[in-house]
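**Student:** Sequence:
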Amino acid sequence: MGFLDILLGRSKPVAPDLDRLFGLPSAAVTLEAAAGFTPTGTGAVCFASVEGAAFAEAHQEAQALLDADADRSGPPVEVSRDEYGYSWLVSRRSADDLPALVSDLHAVNSALEGTGFGPQLLCSVVAFEDRERRRLGLVYLYKRGTFYPFAPLAGAGERRDNALELQIKAVLANDLRIEEDLGRWFPIWGAPGL
179 MGFLDILLGR SKPVAPDLDR LFGLPSAAVT LEAAAGFTPT GTGAVCFASV EGAAFAEAHQ
239 EAQALLDADA DRSGPPVEVS RDEYGYSWLV SRRSADDLPA LVSDLHAVNS ALEGTGFGPQ
299 LLCSVVAFED RERRRLGLVY LYKRGTFYPF APLAGAGERR DNALELQIKA VLANDLRIEE
359 DLGRWFPIWG APGL
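Residue numbers (the numbering used here): 179 to 372.
Don't take every hint at face value.
[Stated by the list, open to error] Straight-line alpha carbon distances no greater than 20 Å define the calculated EDC-like cross-link-like pairs of lysine to aspartate or glutamate that follow:
1. K321 <-> D275
2. K321 <-> E210
3. K321 <-> D308
4. K321 <-> D359
5. K321 <-> E291
6. K347 <-> E357
7. K347 <-> D359
8. K347 <-> E291
9. K347 <-> D260
10. K347 <-> E307
11. K321 <-> E357
12. K347 <-> E210
[Claimed, not checked] Derived CB-CB ranges, DEER-like:
13. Q238 <-> G214: 35 to 43 Å
14. G335 <-> F200: 29 to 37 Å
15. R309 <-> A242: 35 to 43 Å
16. R355 <-> A211: 15 to 23 Å
17. L331 <-> P297: 31 to 39 Å
Note that these hints are calculated values from the structure, not bench results. Quantities reported herein were computed from a predicted structural model and do not represent experimental measurements. Think of the CB as a built atom: it goes at the ideal place given N, C-alpha and C, for glycine as much as any other residue.
Please model the complete structure; the sequences and the hints are all you need to start from.
**Tutor:** Here is the structure:
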């Protein structure tokens, strides 16, 4: 970072550390013990689609990585597009196999990053649920290298449970690198599994 960057208030972007995703299984143990949330077995990678043969090939390669897994429960990997035009590559595993789900998400992120499409990666999310059927997503921000909780309120339109999100932030502070800037806790309405 140069002198001009400091004067103009520019900051150097944080390099993504995809290995932080592997902290999710141990964080899930803490989350269950402290707040009663357990994994649902659904996770997804969100990315901005790009037109062109190179991106289509990288996208197909990432999907093929997951489709080739014979241990998968449920349908093969799904691809969906949300109302904002972002694509979601969705993986489903049994609820008690969070390490395999995390490996899926890591593989997709790595495949897209390795083919030069890292800037298109936005986030990864793993869905959780408690006994009251409340949904919670732990979201990994690719460009920040941090996590944050997202808790949409069921049947309330596009509203979220901010108190629960702050509670989960406190619960997981020692397990995951939590995004400190609450302004970056973007709502991911319609995310798979939530």
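**Student:** Between K347 and D359, is the straight-line Cα distance small enough, at 20 Å or below?
**Tutor:** Roughly 12 Å separates the two Cα atoms, so the pair holds.
**Student:** Just to be careful, I want the Cα atoms of K347 and E210 compared with a cutoff of 20 Å; is the pair within it?
**Tutor:** Satisfied, since the Cα-Cα distance of roughly 14 Å is no more than 20 Å.
**Student:** Take a look at whether the Cβ-Cβ distance between G335 and F200 falls inside 29 to 37 Å.
**Tutor:** holds, 35 Å
**Student:** Taking 20 Å as the top limit, are the C-alpha atoms of K347 and E291 close enough?
**Tutor:** violated, 28 Å
**Student:** Can you let me know if the beta-carbon spacing of R355 and A211 is within 15 to 23 Å?
**Tutor:** holds, 20 Å
**Student:** When you check the alpha-carbon spacing of K321 and D359, does it fall within 20 Å?
**Tutor:** At roughly 14 Å apart (the allowed maximum being 20 Å), D359 and K321 satisfy the hint.
**Student:** Need the status of pair K321, E357: alpha-carbon distance at most 20 Å?
**Tutor:** holds, 11 Å
**Student:** Hint check: K321 vs D308, CA-CA at most 20 Å. Holds or violated?
**Tutor:** Violated. K321 to D308 sits at ~29 Å, over the 20 Å cutoff.
**Student:** Starting from the hint 35 to 43 Å, judge whether the C-beta atoms of Q238 and G214 obey it.
**Tutor:** Hint holds: Cβ distance 39 Å, inside 35 to 43 Å.
**Student:** So if I understand the rule, the pair passes when the alpha-carbon distance is 20 Å or less; does K321 with E291 pass?
**Tutor:** holds, 12 Å
**Student:** Can you tell me whether the CB distance of R309 to A242 sits inside 35 to 43 Å?
**Tutor:** holds, 37 Å
**Student:** K347 and E307: Cα distance at most 20 Å?
**Tutor:** holds, 16 Å
Consistency with the previously given hints fails for numbers 1, 2, 3, 8, 9, ordered from lowest to highest.
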